[in-house]
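Number of protein chains: 6
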Amino acid sequence: MRIAAFRRAHFNAAHRLFNPAWSEEKNQEVFGLCNNPNYHGHNYEVEVKVIGETDPETGYLIDLKDLKQIIYEEVEQRFDHKNLNLDTEAFKNLNPTAEHICFVIWQLLRARLDDRYELVVRLYETPRNYVEYPA
Amino acid sequence: MRIAAFRRAHFNAAHRLFNPAWSEEKNQEVFGLCNNPNYHGHNYEVEVKVIGETDPETGYLIDLKDLKQIIYEEVEQRFDHKNLNLDTEAFKNLNPTAEHICFVIWQLLRARLDDRYELVVRLYETPRNYVEYPA
Amino acid sequence: MRIAAFRRAHFNAAHRLFNPAWSEEKNQEVFGLCNNPNYHGHNYEVEVKVIGETDPETGYLIDLKDLKQIIYEEVEQRFDHKNLNLDTEAFKNLNPTAEHICFVIWQLLRARLDDRYELVVRLYETPRNYVEYPA
Amino acid sequence: MRIAAFRRAHFNAAHRLFNPAWSEEKNQEVFGLCNNPNYHGHNYEVEVKVIGETDPETGYLIDLKDLKQIIYEEVEQRFDHKNLNLDTEAFKNLNPTAEHICFVIWQLLRARLDDRYELVVRLYETPRNYVEYPA
Amino acid sequence: MRIAAFRRAHFNAAHRLFNPAWSEEKNQEVFGLCNNPNYHGHNYEVEVKVIGETDPETGYLIDLKDLKQIIYEEVEQRFDHKNLNLDTEAFKNLNPTAEHICFVIWQLLRARLDDRYELVVRLYETPRNYVEYPA
Amino acid sequence: MRIAAFRRAHFNAAHRLFNPAWSEEKNQEVFGLCNNPNYHGHNYEVEVKVIGETDPETGYLIDLKDLKQIIYEEVEQRFDHKNLNLDTEAFKNLNPTAEHICFVIWQLLRARLDDRYELVVRLYETPRNYVEYPA
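Residue numbers (this note's numbering), protein chains in the order written: chain U, 768 to 902; chain Z, 768 to 902; chain R, 768 to 902; chain W, 768 to 902; chain S, 768 to 902; chain B, 768 to 902.
Do not rely on the hints blindly, as some may be mistaken.
Copies of the same chain look alike in the list, so a pair counts if it works inside one copy or between any two.
Under the rule of at most 27 Å between Cα atoms (straight-line distance), these lysine-lysine pairs were calculated in the DSSO-like manner [claimed, not checked]:
| no. | residue 1 | residue 2 |
| --- | --- | --- |
| 1 | K859 | K793 |
| 2 | K832 | K859 |
| 3 | K832 | K793 |
| 4 | K835 | K793 |
These are computed hints drawn from the structure, not numbers from a lab.
Okay, chain U solo, but in the shape it has when bound (with noise of 0.2 Å):
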């Protein structure tokens, strides 16, 4: 039986768009207020889907007990009440951007879960803003 399972998470964090190989002008230009020097912030949401086969002992595709767990070590405890510029390592020399944060939590995500499970991220940096990775 072929399902998927959902399990939300956030983190709160700071952060700034702008391409070190730009301009001020042209970062200004095409990242407006989101390349506020002295940053911003959000309250990220992360929905997290896991795709694959209900084990029939347990009835459970994935224990979201575990799911949970995976998410804190790799998500909140690395970014929450950080900003991503500056604290972490993954965005030291990646643009923060929805997308690429999204695809981020899915390559440390990703690396934590079995291969018999397929995943999905969806980031929502405000409610009416967000992306899903892969599309």
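Once you have looked at the hints, place chains Z, R, W, S and B on chain U.
Coordinates of chains Z, R, W, S and B only, in the frame set by chain U:
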């Protein structure tokens, strides 16, 4: 014109997770708090997704009043304010995990819907834990 | 890196469901309360999903400020605080069911988006009734 | 034990704001888009707050099933899928602003509730605009 | 500077409404579905409101991490994944209506909070049914 | 007719909590993760409640388009996509706790509103942590 239409409903029920083939200790180890022999409960939220071709005369994929009535008869009347383990046929011998409840609801609704419709059911156990069948 | 980005918007509009080829009785029978000749209304919520490859220079799939502006011009300006049946070209001769409104919005946005993007539109008529095109 | 109990309901209606004592220009200037002569509409959400003493035998302030039924009879049956200006007695000669709709609902429910209860009504016109009576 | 601070938490529990002084028939008549002898359940959501003067040194009314911990110890540990009627001291002899649960939570938190704070507790049994003490 | 009208808005900002009169250790002990010297951030949600008498000619307590504009000028333009500690006058010398931000917003809006209105501001730092002034 192939489109999807969604209808949401909810029900409040008690349940307990356990596998009768296992010892009490193993049940406790695997299901933890969800194994409480006196039950606990949830406000389950159901999202029913129907996919097919729009009727050119009505402009409807399906009359959502009809879908609402089918969900009422098959899901709400059957499960609302019930103990899933004790009060329902479906879970007399099936562990009422979110995965199994979602699949049972899918079967109940599938039997009531015309073959020209595809069906996907999402079941929220809490706003942070949910499942979807088929994946 | 293939990804999806979402933007939400809303508009408040009046509408009435009916098929001019039918008798008053048949319209009443099929569309019930939604056939009220004096109209009723909704807070429509639109979720626009764009799919494609992230731009390596910006880290964006699409600049959501641009997408917000396109939705404003094509959807909000056209439909907000309007009577869909009387005030809009799109529904002069098309029954404004959620399915049709969703498809019309998809067409309007499709015409404004670059071919490298796929597009999916979800339209909420209420928090419990909604549709998505394409399915 | 003095406590408050709340029940929510909703209705979908069309309306138009205008003052018949004013010129078309003044109405347009004051009410803007809300003055559209062909109407627009909303998903109105009503929160009914009842205050009083808990009954020691039932442990209820008020049976919420009864309150739900009163709201259904007085608010949903009267206003759902209606044009407030054309289809209702209450707004034949009263501008259907959120403030006035809230007050009318308060009066309708007040007449149905026992004197031992205080009553407060909150009306959401959209998730971002709402009113509450009495203040 | 007199201000209010709020913290939300939740717990999932089973319960059954009945008055042991009444006949089965009367219990059924008054409490209806909520009287199911095999229990049903809810995702209870608790909103704790604390009122007082901001501390000039911290700029906090109360450290919400402390409040979160108190709510965890007094409410979540006590009630989460429990059968309120069978597994808790508080409702051994008290009908677990939303009103009573709210009042019990208020008493438990009141005993843990400094006298300089006022306290109001709101308890959501469902998103549409909730209570608040004191009113 | 005394009534309340509400308008919601939001802004995304970075901040850091600390008291410059304290040692680094004491700041870390009291403010924990919120003391990160590189900042973190939030999607702040503001609910503005205005109380007064309805205007008999318009049926409005206050034109919510005007209130929306005042909130835009005083709150969104000032704080959106800013670092509260570095980019704003208000928090140059005031610790940007939710309590202080709420009070500052209340002062800014109070100065723009007619004396016949009472004003209450609620500020959500996250959906689970929020404050309200005055209490």
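Hints versus structure:
1. K859 x K793: within (20 Å within a copy, 29 Å between copies)
2. K832 x K859: between (31 Å within a copy, 25 Å between copies)
3. K832 x K793: Answer is between: at 16 Å across copies they meet the 27 Å cutoff, but 45 Å inside does not.
4. K835 x K793: between (40 Å within a copy, 21 Å between copies)
In summary, this structure violates none of the numbered hints.
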